[in-house]
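With these hints in hand, go ahead and build the complete structure from the sequences.
Each chain, written out:
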Amino acid sequence: MTSNIPDNDEVPLIQRIIAILWPSFLAAGAAMILLFVVFSPDELLPELRATGVSNMAIYSVTFIFLWATTLFACALSCYFMRPCSRCN
Amino acid sequence: MSMSDDELRANQDHDSLYAKRENIYPREVHGIFARWRIIMVMLTLGIYYILPWINWGVGRQAILFDIPNRKFNIFALTLWPQDLIYLSAILIISALALFLFTAVGGRLWCGYACPQTVWTEVFLWMERKFEGSRPKQIKLAKMPWNREKIIKKGGKHVAWVVFSLWTGFTFVGYFTPIRDLWAQIPGWNMGPWETFWIFFYAFATYGNAGWLREQVCIYMCPYARFQSVMFDDNTLTISYDENRGDPRGTRKRGKDKPADKGDCIDCGLCVQACPTGIDIRNGMQYQCIACAACIDACEEVMDKMDYDPGLIRYTTLNEMSGKGLHIFRPRVFVYTGILLAITLLMLASLLTRIPVGVDVTRDRNILYREAPNGDLENVFVLKIMNQDNKAHNFVVSMEGFEGAVVDPEQPEFHAESGEVIEAPVRVRAAEKLITERSTKIHLRATATDDPKLTDGEDARFIAPGDWFN
Numbered sequence: 001m002t003s004n005i006p007d008n009d010e011v012p013l014i015q016r017i018i019a020i021l022w023p024s025f026l027a028a029g030a031a032m033i034l035l036f037v038v039f040s041p042d043e044l045l046p047e048l049r050a051t052g053v054s055n056m057a058i059y060s061v062t063f064i065f066l067w068a069t070t071l072f073a074c075a076l077s078c079y080f081m082r083p084c085s086r087c088n
Numbered sequence: 001m002s003m004s005d006d007e008l009r010a011n012q013d014h015d016s017l018y019a020k021r022e023n024i025y026p027r028e029v030h031g032i033f034a035r036w037r038i039i040m041v042m043l044t045l046g047i048y049y050i051l052p053w054i055n056w057g058v059g060r061q062a063i064l065f066d067i068p069n070r071k072f073n074i075f076a077l078t079l080w081p082q083d084l085i086y087l088s089a090i091l092i093i094s095a096l097a098l099f100l101f102t103a104v105g106g107r108l109w110c111g112y113a114c115p116q117t118v119w120t121e122v123f124l125w126m127e128r129k130f131e132g133s134r135p136k137q138i139k140l141a142k143m144p145w146n147r148e149k150i151i152k153k154g155g156k157h158v159a160w161v162v163f164s165l166w167t168g169f170t171f172v173g174y175f176t177p178i179r180d181l182w183a184q185i186p187g188w189n190m191g192p193w194e195t196f197w198i199f200f201y202a203f204a205t206y207g208n209a210g211w212l213r214e215q216v217c218i219y220m221c222p223y224a225r226f227q228s229v230m231f232d233d234n235t236l237t238i239s240y241d242e243n244r245g246d247p248r249g250t251r252k253r254g255k256d257k258p259a260d261k262g263d264c265i266d267c268g269l270c271v272q273a274c275p276t277g278i279d280i281r282n283g284m285q286y287q288c289i290a291c292a293a294c295i296d297a298c299e300e301v302m303d304k305m306d307y308d309p310g311l312i313r314y315t316t317l318n319e320m321s322g323k324g325l326h327i328f329r330p331r332v333f334v335y336t337g338i339l340l341a342i343t344l345l346m347l348a349s350l351l352t353r354i355p356v357g358v359d360v361t362r363d364r365n366i367l368y369r370e371a372p373n374g375d376l377e378n379v380f381v382l383k384i385m386n387q388d389n390k391a392h393n394f395v396v397s398m399e400g401f402e403g404a405v406v407d408p409e410q411p412e413f414h415a416e417s418g419e420v421i422e423a424p425v426r427v428r429a430a431e432k433l434i435t436e437r438s439t440k441i442h443l444r445a446t447a448t449d450d451p452k453l454t455d456g457e458d459a460r461f462i463a464p465g466d467w468f469n
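Protein chains in written order, with the numbering used here: chain A, 1 to 88; chain B, 1 to 469.
No wet-lab data here; the hints were simulated from the structure. Just so you know, nobody snuck in bad clues.
Only part of the chain B face toward chain A is listed, based on derived beta-carbon distances under 7 angstroms:
1) 68
2) 361
3) 364
Just so you know, even glycine gets a beta-carbon here, dropped at the ideal spot from N, CA and C.
Structure, rendered in structure tokens:
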């Protein structure tokens, strides 16, 4: 009897982790630049700015939010890349 | 159908085989390429750590990516968000320069200039200071945990962490004035986000240069994946001369070369020296970062054996097969041509750029209000950026809303060179003129002494929503 689990284990764990963390980081950085070239935090969140939240905080939180979002997408991609045969 | 227990176990074992990484302890080498790399490490990291401390004029940090205030200082030049095109152009020019270098010299960038390489080099240096040479490092790794191991490994990590924190601090110093930041360190009163990013970058440095090392090149680097498309048979690569070296074999020193063997004595030093753990004698591999450590290692051996140098060397496929070196070839001309064209375009654009920028924002507190004469009024603030090298007065005008009037708070707004001023203006329209909840208008500022110095932006004149229900 032969197993129908394909031999794809050559993708090391570290490569999978990096494939989730790193492309999402790059994409979040690019999205961040495009977003804030067009809008300033003053325009985007005037109420928040008026309460004394610093630009630095808005930029940082936005970046982390974008990274979390893209990271989620990358993680799902990685999950769906699992061979279908593994589900049985 | 079910698998037997043994088969199941075998498969599980197989599942957990994540191609476990062998630790690499690169052997220290001495030679011309190692010296070049040290020079490049000093140069690139020297620039990195010193640059933010340099001022350009009084109180102006020469290089400051002042993101909170949305402006980049680059020596005398100040770039604003609307100058993104120049930053993109610089990126494109850098990419094309990389293509050109790669076509001619292979992965020179990887071996001598990439931050991953230069920081790893420093981390390796610290590692050797604490743990000694490669054999000692391997011995230490196998040793059970004892006093000596704890001191050596602990010392190394402390040095790595301190160096990483300094790196993180410097990094944040490119975005927040570094002298202010430095003054805040003793009292630990940096902003929370400055603190966060210092530790974030320090952690990235520590992880990448201390732990991940060659895995960054292999798994994270996009350039490593596609650089081969810029290669051809005339690209300089680091190659082992198989015709000369094979068949390999050990031999006694000082004796005549055995007739049945090539020049490679199979000492394995080229493999031990390799920071990515490959054997260059297996031919070109994408893990090779062209650091030339194997060349340095092999040259020493060739010298000791009294053999000719160059068993492993920078060469091209064509040179290797006796067809000679061809540096100048169509690919090189094409890359150079595109590079020159884009550089010239960017320079021309920089020279003809209109150094004034206008951003229009609404008054934060009121969407609209009634003016004394019964008209509807919106308040806008024009952020006028005078990017010219002298002061100007600006007048504000409006287009796009027939019959409405613009009423600036002052007739003229004065802005020094490099200054950003706020020009509040009221836009008024009679109720009968307003046909939409939101009317597009265009607000513009023009220098009084030079009509070419002008810029504007669209804005929206807002009326109460219940007028249109």
